[in-house]
Amino acid sequence: MGAPLIQSALHPAGIQAARIEHLWWVMFWVCSVVFVAVVVAMGIAVVRGRGAASSASEATLARSVAIAVGLSIVALLVLLTEGELVGRGVASLREQDPNALRIQITGNQWWWDVQYLNPNPSLIVTTANEIHIPVGRPVGIVLRSNDVIHSLWIPALHGKRDLIPGRVTEIWLQADRAGFYRGQCAEFCGLQHAKMALGVVADLPDDFERWLTQMRSPAPAPTTPSQTRGKDVVERGPCAMCHTVVGTLAGGRTAPDLTHIASRSSIGAGSLPNTRGNLGGWIVDPQHVKPGNHMPAPGLSSEEVQPLLDYLETLK
Amino acid sequence: MRRLMCLLACVAVAAAGCEREARRYTELPAAANRSTAVRLTMLQPGSPQPLSNVQSPYQYNAYGLSEGKRLYAAYNCAGCHGLNGGGAIGPALTDDKWIYGSHADQLFSTISQGRPDGMPSFGGHIPDQQIWQLVAYVQSLAGMVSQDAATSRNDDQAAAKPENRIEDARQIQTGHR
Ligand SMILES: [Cu+2]
Chain A
1 MGAPLIQSAL
11 HPAGIQAARI
21 EHLWWVMFWV
31 CSVVFVAVVV
41 AMGIAVVRGR
51 GAASSASEAT
61 LARSVAIAVG
71 LSIVALLVLL
81 TEGELVGRGV
91 ASLREQDPNA
101 LRIQITGNQW
111 WWDVQYLNPN
121 PSLIVTTANE
131 IHIPVGRPVG
141 IVLRSNDVIH
151 SLWIPALHGK
161 RDLIPGRVTE
171 IWLQADRAGF
181 YRGQCAEFCG
191 LQHAKMALGV
201 VADLPDDFER
211 WLTQMRSPAP
221 APTTPSQTRG
231 KDVVERGPCA
241 MCHTVVGTLA
251 GGRTAPDLTH
261 IASRSSIGAG
271 SLPNTRGNLG
281 GWIVDPQHVK
291 PGNHMPAPGL
301 SSEEVQPLLD
311 YLETLK
Chain B
1 MRRLMCLLAC
11 VAVAAAGCER
21 EARRYTELPA
31 AANRSTAVRL
41 TMLQPGSPQP
51 LSNVQSPYQY
61 NAYGLSEGKR
71 LYAAYNCAGC
81 HGLNGGGAIG
91 PALTDDKWIY
101 GSHADQLFST
111 ISQGRPDGMP
121 SFGGHIPDQQ
131 IWQLVAYVQS
141 LAGMVSQDAA
151 TSRNDDQAAA
161 KPENRIEDAR
171 QIQTGHR
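Protein sequence lines, in the order shown, are assigned to chains A and B.
Numbering-wise, the working numbering puts 278 at position 278 of the first sequence, and it's gapless, one number per residue.
Numbering-wise, the working numbering puts 94 at position 94 of the second sequence, and it's gapless, one number per residue.
Think of the hints as simulated: they come from the structure by calculation, not from any bench.
C-beta: ideal position from N, C-alpha, C; glycine also.
Heads up, some of the hints might be wrong.
Computed beta-carbon distance windows for the label pairs [what the hints assert, rightly or not]:
#	chain 1	residue 1	chain 2	residue 2	range
1	A	Asp-206	B	Ala-88	28 to 38 Å
2	B	Gly-124	A	Val-142	53 to 63 Å
3	A	Leu-191	B	Leu-8	26 to 36 Å
4	B	Cys-10	A	Asn-146	34 to 44 Å
5	A	Gln-306	B	Arg-23	39 to 49 Å
6	B	Gly-124	A	Phe-28	51 to 61 Å
7	A	Arg-253	B	Pro-162	17 to 27 Å
8	A	Asn-146	B	Arg-165	24 to 34 Å
9	B	Pro-162	A	Cys-31	31 to 41 Å
10	B	Lys-161	A	Leu-5	24 to 34 Å
11	A	Asp-285	B	Cys-10	21 to 31 Å
Chain A residues, not near chain B, derived (Cβ > 12 Å throughout) [what the hints assert, rightly or not]:
#	residue
12	Leu-10
13	Val-30
14	Ala-59
15	Gln-104
16	Asn-146
17	Lys-160
18	Phe-180
19	Leu-212
20	Met-215
21	Thr-224
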């Protein structure tokens, strides 16, 4: 196999997805057998033609119909039982685990706002568009929406769950294997629905703790004159109206948190890989990359862009 | 002849529909460049000049108006002027009385420059294009934009009429009283 399959329900990386995959294969084989049986029966009927049927007795016909109905019912029962078992299995993780991690994901047109919940407010971590989860630990994801209905679907980890404005839903999942998985909004939510992806990084527990500690730190102070100028652009330019960079004057709440933007693997909710060139392109004209998204072209002068990039690259 | 009229009518409807539906994501339309100085008073030296008739480029544009509505909440205008513009620590925007005037260019400078009794200045913080969207939305709160382009009811319970059901009234400029 070539590229790793990061968004495939047939390559599960967690217990729920594995159960869903199992159900899929049961359904596939039952339906295949039924399909083949129907086609074969039809073929026989065609080959034998009318003659045979008219000579068959009423009793033989009745028996054939009874057998067909019986087989359909058996197939249906197999599917129903299997579905019920899988449903229970998928739901079983929902039982509160004291060790569980709680993450709140809020859907926005067209990006994901992420908060790692904690009873101690000063330990809450805010980020966007990319989550890290520890391997082997149940994760409860609380889902909300700020505008329209979205749906979270990380095929390698679980099925879909809608994000509904004014209603809180929750989904439990667990990754059993470290790696990068891709989630996607699965409910049409407007123009840029297709470019609304969620990166999921399943870390070994130690890596996860290290990452979480790093995320709790504010943005580092700039060290070079260029970075200082870049920070100035963020604080005084339009960015601060919408974006937050913890540790600076930028405290906007209508756009992805940028405090650790340099540590994310993509920008624009999975639209582009996070490289200096792409970041520059996004900042100069986000409407070119993702037409209609809610970040307007900020109208920066060319002397502002390079220092801004120098600064953003320090936000690890 | 009748066929020609029919055709012309269709073209006119289509053209009007186009402006309503246009989504201009980047460029700032030419009308956004204000040509006349904004006046807050009718007192003028010499013979009085007529008021400018600059309009927000989003006056007839459903997308621009809905963006204005979104930004009105996102930039917290709602926090001071009320969620439906009914007024709080900032004056009501739904009535027909305006301290600093209701013309598009007057509203633009109110939002862009701020006003002394507590209205923050948004100019330089947000793109001009968004200020024009806010101007159009504020005008829609007082029924000053075309009803078929104005935003419709909120998803949640609303105490006020939706913007596209507000009728135009004669707006007056009161100044501080
Ligand atoms: Cu969507």
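Each hint tested on the structure:
1. Our hint of 28 to 38 Å for A:Asp-206 and B:Ala-88 is violated, since their Cβ atoms are close to 50 Å apart.
2. The given range of 53 to 63 Å is broken by B:Gly-124 and A:Val-142, whose C-beta atoms sit roughly 37 Å from each other.
3. Between A:Leu-191 and B:Leu-8 the Cβ separation comes to about 33 Å, which falls inside the hinted range of 26 to 36 Å.
4. Distance hint check: the CB atoms of B:Cys-10 and A:Asn-146 are about 40 Å apart, consistent with the given range 34 to 44 Å.
5. Look at A:Gln-306 against B:Arg-23: about 31 Å separates their beta carbons, and that is not inside 39 to 49 Å.
6. Checking the proposed 51 to 61 Å range against B:Gly-124 and A:Phe-28 shows it holds: the Cβ atoms sit about 60 Å from each other.
7. The beta-carbon spacing between A:Arg-253 and B:Pro-162, approximately 26 Å, falls within the hinted interval of 17 to 27 Å.
8. One distance hint, 24 to 34 Å for the beta-carbon pair A:Asn-146 and B:Arg-165, holds here, with the actual separation near 25 Å.
9. Between B:Pro-162 and A:Cys-31 the Cβ separation comes to about 49 Å, which falls outside the hinted range of 31 to 41 Å.
10. Between B:Lys-161 and A:Leu-5 the CB atoms are about 52 Å apart, so this pair departs from the stated range of 24 to 34 Å.
11. Separated by about 36 Å at the C-beta atoms, A:Asp-285 and B:Cys-10 break the suggested range of 21 to 31 Å.
12. The beta carbon of A:Leu-10 is kept farther than 12 Å from every beta carbon of chain B, the shortest such distance being approximately 37 Å.
13. Listed as outside the interface, A:Val-30 is consistent with that label: its C-beta sits roughly 42 Å from the nearest C-beta of chain B, beyond the 12 Å cut-off.
14. With a minimum CB-CB distance of about 63 Å to chain B, A:Ala-59 clears the 12 Å threshold, and the non-interface call stands.
15. Every CB of chain B is more than 12 Å from the CB of A:Gln-104 (nearest about 20 Å), matching its label as outside the interface.
16. Against the 12 Å criterion, A:Asn-146 falls within the reach of chain B, whose nearest CB is about 10 Å from its own CB.
17. Listed as outside the interface, A:Lys-160 is consistent with that label: its C-beta sits roughly 22 Å from the nearest C-beta of chain B, beyond the 12 Å cut-off.
18. No Cβ of chain B approaches the Cβ of A:Phe-180 within 12 Å, the least distance being about 31 Å, so the stated non-interface status holds.
19. Distance to chain B confirms A:Leu-212 as a non-interface residue, since its nearest Cβ pair spans about 29 Å, more than 12 Å.
20. No beta-carbon of chain B comes within 12 Å of the beta-carbon of A:Met-215; the shortest separation is about 25 Å.
21. At roughly 26 Å, the least C-beta separation between A:Thr-224 and chain B is larger than 12 Å, which holds for a residue marked as non-interface.
Of the hints listed earlier, those the structure fails to meet are numbers 1, 2, 5, 9, 10, 11 and 16, in rising order.
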